[in-house]
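Keeping their order, the protein sequence lines are chains R and D. Residues in the first sequence are numbered from 1 upward in steps of one, following this note's numbering. Residues in the second sequence are numbered from 1 upward in steps of one, following this note's numbering.
Incorrect hints may appear among the rest.
As the list claims (entries may be wrong) - Only part of the chain R face toward chain D is listed, based on derived beta-carbon distances under 10 Å:
no., residue
1, PHE73
2, ALA90
3, PHE100
As the list claims (entries may be wrong) - To spell it out: a stretch of chain R is covered by chain D in this simulated footprint if at least three of its residues, at any positions, have a beta carbon under 8 Å from a beta carbon of chain D; those stretches are:
no., stretch
4, 11-24
5, 261-270
Keep in mind the hints are simulated off the structure, nothing from the lab. Ideal placement from N, C-alpha and C gives every residue a C-beta, glycine not left out.
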Amino acid sequence: MELVWQAAVSGVVLGLVYALVALGLSLIWGVMDVVNLAHAEYLMLAMYATYWLWALGRLDPALAFPVVVPVFFGLGWLTHQALICRIVRAPLAAQIFATFGLLFVLRYSAFAAFGPNVYGVWRTGEGTVTVLGVSVAASKVVAAGVSLAAFGLLAAFLRYTKTGKALQAAAQNRDVALALGIPVDRMYALSWGIGVASVALAGVFLIPFYQVSPTIGDAFLLLAFASVVLGGFGRVDGALVGGLSIGLLENLLGTLVSPTFKFLFVFAAFVAMLLVRPQGLLGDVGR
Amino acid sequence: MSHRQVLPALALGGLVLVPLWVQDSFFLNAMIHVFLLGAAAQAWNLIGGYAGQISFGHAAFFGLGAYTTSWLLSRHGVSPWGGLWAGAGVAIGVSLVLGYPTFRLRRHFFALATLALAEILRISFLNWEAVGAAVGLYLPLQYRNRLAYLMWDSKPPYYWTALGVVTLATAVAWVVDRHRAGRYLRAVEQDEDAAEMLGIPTRRYKLFAMGLSAALTAVAGGVYSLYVLYIDPYNVMASRISLLVVVIALIGGRGTVAGPLLGAPFIVLLNEYTRAWLGGRGAGVDFILFGLLVVLLSLYQPRGLVGLLNAFRAPPQPVPSGAGDDRPEPMQGASQEGEVVLRIRGVQKSFGGVWAVRGVDLDVRRGEILGLVGPNGAGKSTLFDCLTGFLRPDAGEAVADGVRLVGLAPHRVAWAGLARTFQNLRVFPELSVWDNVLCGVEHRGEGLWEATLREVPLPVQEEVAQLLRSFNLWEQRHQRAGELSYGQQKLLSLAMVVLRRPRVVLLDEPAAGVNPVLVEEMAQRIRALHAAGLTFVVIEHNMDFVTRTCHRVAFMAEGQVVTVGAPEEVQRDPRVLELYYGR
Numbered sequence: 001m002e003l004v005w006q007a008a009v010s011g012v013v014l015g016l017v018y019a020l021v022a023l024g025l026s027l028i029w030g031v032m033d034v035v036n037l038a039h040a041e042y043l044m045l046a047m048y049a050t051y052w053l054w055a056l057g058r059l060d061p062a063l064a065f066p067v068v069v070p071v072f073f074g075l076g077w078l079t080h081q082a083l084i085c086r087i088v089r090a091p092l093a094a095q096i097f098a099t100f101g102l103l104f105v106l107r108y109s110a111f112a113a114f115g116p117n118v119y120g121v122w123r124t125g126e127g128t129v130t131v132l133g134v135s136v137a138a139s140k141v142v143a144a145g146v147s148l149a150a151f152g153l154l155a156a157f158l159r160y161t162k163t164g165k166a167l168q169a170a171a172q173n174r175d176v177a178l179a180l181g182i183p184v185d186r187m188y189a190l191s192w193g194i195g196v197a198s199v200a201l202a203g204v205f206l207i208p209f210y211q212v213s214p215t216i217g218d219a220f221l222l223l224a225f226a227s228v229v230l231g232g233f234g235r236v237d238g239a240l241v242g243g244l245s246i247g248l249l250e251n252l253l254g255t256l257v258s259p260t261f262k263f264l265f266v267f268a269a270f271v272a273m274l275l276v277r278p279q280g281l282l283g284d285v286g287r
Numbered sequence: 001m002s003h004r005q006v007l008p009a010l011a012l013g014g015l016v017l018v019p020l021w022v023q024d025s026f027f028l029n030a031m032i033h034v035f036l037l038g039a040a041a042q043a044w045n046l047i048g049g050y051a052g053q054i055s056f057g058h059a060a061f062f063g064l065g066a067y068t069t070s071w072l073l074s075r076h077g078v079s080p081w082g083g084l085w086a087g088a089g090v091a092i093g094v095s096l097v098l099g100y101p102t103f104r105l106r107r108h109f110f111a112l113a114t115l116a117l118a119e120i121l122r123i124s125f126l127n128w129e130a131v132g133a134a135v136g137l138y139l140p141l142q143y144r145n146r147l148a149y150l151m152w153d154s155k156p157p158y159y160w161t162a163l164g165v166v167t168l169a170t171a172v173a174w175v176v177d178r179h180r181a182g183r184y185l186r187a188v189e190q191d192e193d194a195a196e197m198l199g200i201p202t203r204r205y206k207l208f209a210m211g212l213s214a215a216l217t218a219v220a221g222g223v224y225s226l227y228v229l230y231i232d233p234y235n236v237m238a239s240r241i242s243l244l245v246v247v248i249a250l251i252g253g254r255g256t257v258a259g260p261l262l263g264a265p266f267i268v269l270l271n272e273y274t275r276a277w278l279g280g281r282g283a284g285v286d287f288i289l290f291g292l293l294v295v296l297l298s299l300y301q302p303r304g305l306v307g308l309l310n311a312f313r314a315p316p317q318p319v320p321s322g323a324g325d326d327r328p329e330p331m332q333g334a335s336q337e338g339e340v341v342l343r344i345r346g347v348q349k350s351f352g353g354v355w356a357v358r359g360v361d362l363d364v365r366r367g368e369i370l371g372l373v374g375p376n377g378a379g380k381s382t383l384f385d386c387l388t389g390f391l392r393p394d395a396g397e398a399v400a401d402g403v404r405l406v407g408l409a410p411h412r413v414a415w416a417g418l419a420r421t422f423q424n425l426r427v428f429p430e431l432s433v434w435d436n437v438l439c440g441v442e443h444r445g446e447g448l449w450e451a452t453l454r455e456v457p458l459p460v461q462e463e464v465a466q467l468l469r470s471f472n473l474w475e476q477r478h479q480r481a482g483e484l485s486y487g488q489q490k491l492l493s494l495a496m497v498v499l500r501r502p503r504v505v506l507l508d509e510p511a512a513g514v515n516p517v518l519v520e521e522m523a524q525r526i527r528a529l530h531a532a533g534l535t536f537v538v539i540e541h542n543m544d545f546v547t548r549t550c551h552r553v554a555f556m557a558e559g560q561v562v563t564v565g566a567p568e569e570v571q572r573d574p575r576v577l578e579l580y581y582g583r
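Taking the hints into account, I'd like the entire structure generated from these sequences.
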């Protein structure tokens, strides 16, 4: 029982990190119905950025986000302006292939620049924190807290600011929003900015306990997809619920059954969800 | 033989002879990869190109083929001649288990599911002791140099085997491409709903393409395992294989037989040689280039290298003999005029508490043209959706000549004899006018193998030719439907649905957005088809069109049929005047 409780608590902590990774994917998917296959590559790049700031600039990863996050916001905006705005209304296949090509470019640019080696931030005296009777690495608790804060901020932004409401309007009906004078293209670019910035935020706080290599995007892309589909695609709170479910599923079944198969359970749950309830846990029925 | 047959034969002959002159093992190794990955890309193209269902998990099928073949050989001494078949069978099984449920879902879900499938299989095989887990499987060397086991000491025999595999995959793709199945798959890719409504069982064709694709990929994987003699999840189930296969088909030209053949040497040779020239450090450089190419092609040239080579080339069409402007023969039973052919009773549909259709009763009589008019939002198109299986009504029943329609999938509704056009145009823009109409043949009782191996019979092609002449579309038969004017596309969509002489044709605003000359043309065509025995239900706002074309008019408002009668009667009805014109 003790073991299960431990697994559950660290599952929630991990789940919050997954949720932050999935946040941007879900936002962009929801706002413009584009699935960004290159999403996790931005995570990988942000992890490299934070790593090099630490390795070369001696900047503590926890303090790197004021530098990294704005840069990646700009990168997301730029991606929209240079590529995505040209394929928003293209056939589905063109959309898939555009971000698929982007995935290649980003991943193998990192490969060419940094090589296939694994990099991680090593700090001595890494502390632990006791959460609900379970001791968890401090860096993970920080990452989980940052995730909660990011979800809170985004929810407040969408609900209480004029721009946030305009973004929601653009997501619900492009034509009506245009007719009301909402600059829909700018809202789309904004969603890419926020989406990429949020996954970069996740990268900044992942690097203290997760090593980076050019191909880590594979696993995280699937985890992010799984979170979004499990929670309900196209809704920001879906990513939170989905991320938490996946963190819990991975840790509980990994502990109770076998740690080698933990991702198998996650992806099996993902496929099962696609088959049984494609709209996700929170999604509306009948769409 | 025409030059179209001579060229591939010469190319194949030349490739067979290559190892007699070139013994450079690096080159032969690269060519074996070209052939095997080319075969897998050709297979991917069946589902990802023709059917438009994009798979990012083809490494799963490649790996299943490799594992089945190797496991049977190393653990049970089964010859690869049996093992390759077994691998194909396993891959088909897995592909159908994945495809059957996910093909219900549209948009991105199939791609996501394939991504997860590949990962699930890789993790499972990494931990499955019976297939060697992370250690993998070694192939027993004592079987080498025996044709029965397809394993050799030198590279040329592998070269020929791999060439055989890519030839097989290409032949299969060519057969599909040249016959009905290829046309239907393209139609599914372009507009699945419209394909369904023509009676094409879209899910069956997608599953067919998926199974074929998985089987061919598995064969390529099986031969690959015989070549490398050692497999583990990292070399036969790597995501790199899934990605290369997609990139080859994409850059070569999706949805064409030549595409993967052009893409494979380009991608694989570039991949192999940059690896050799630049070493491990530069291994990613070629992939950056592939990525850029994929992005550029997605923006500017969806058909890849093939599309660049022939920006557009009209495919040769059979030109049936005989001319004339004959009407189609009246369908059987058309003489029993006045009998009810479509009975609608109590059909209701609400969306989240808002009634779109609330209790519609309507009889459509054989041989009439029934107009369905009413203000926007009256529920006319929703009623059509309920009748044709796109929506499931909350309550009510619709029966066409004894066949209950509610609960049937759209293609079954089509098989029951209903045809339908859509309010917004639904032709297949990338198919030629000729192919568009050929998609409208009777699909009831049309077998998969028949559709794959045979073209539409000549008498039916003759009918298509006559239909196109009578619709004044004969001259445009080689053009892509997307190049026609809007009005011509509307005529085409009518021609597509009447080819199989359905019992009832539902037309959703046939005259909307069309210039007056073509409105007249449309009215003439409908009257002519009516004279030939067809029954119509026409939603239309153009009252002039309705009064001149329809025998009876049903007026709908707020989800209900308010009145039915002769056009003049309905137009004078005070309730209609109030509801339609606001008096």
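For each hint, the structure was consulted:
1. Taken as an interface hint, R:PHE73 does not check out: its beta carbon lies about 22 Å from the nearest beta carbon of chain D, beyond 10 Å.
2. Proximity of R:ALA90 to chain D holds as hinted, the smallest CB-CB distance being about 8 Å (cut-off 10 Å).
3. About 6 Å separates the beta-carbon of R:PHE100 from the nearest beta-carbon of chain D, less than 10 Å, and the hint is met.
4. Counting residues of the stretch 11-24 of chain R whose CB lies closer than 8 Å to any CB of chain D gives 0, which falls below the minimum of 3, so the coverage claim is violated.
5. Only residues whose beta carbon comes within less than 8 Å of a beta carbon in chain D count, and the stretch 261-270 of chain R has 6; three or more means the coverage holds.
Hint violations for this structure: numbers 1 and 4, all remaining hints satisfied.
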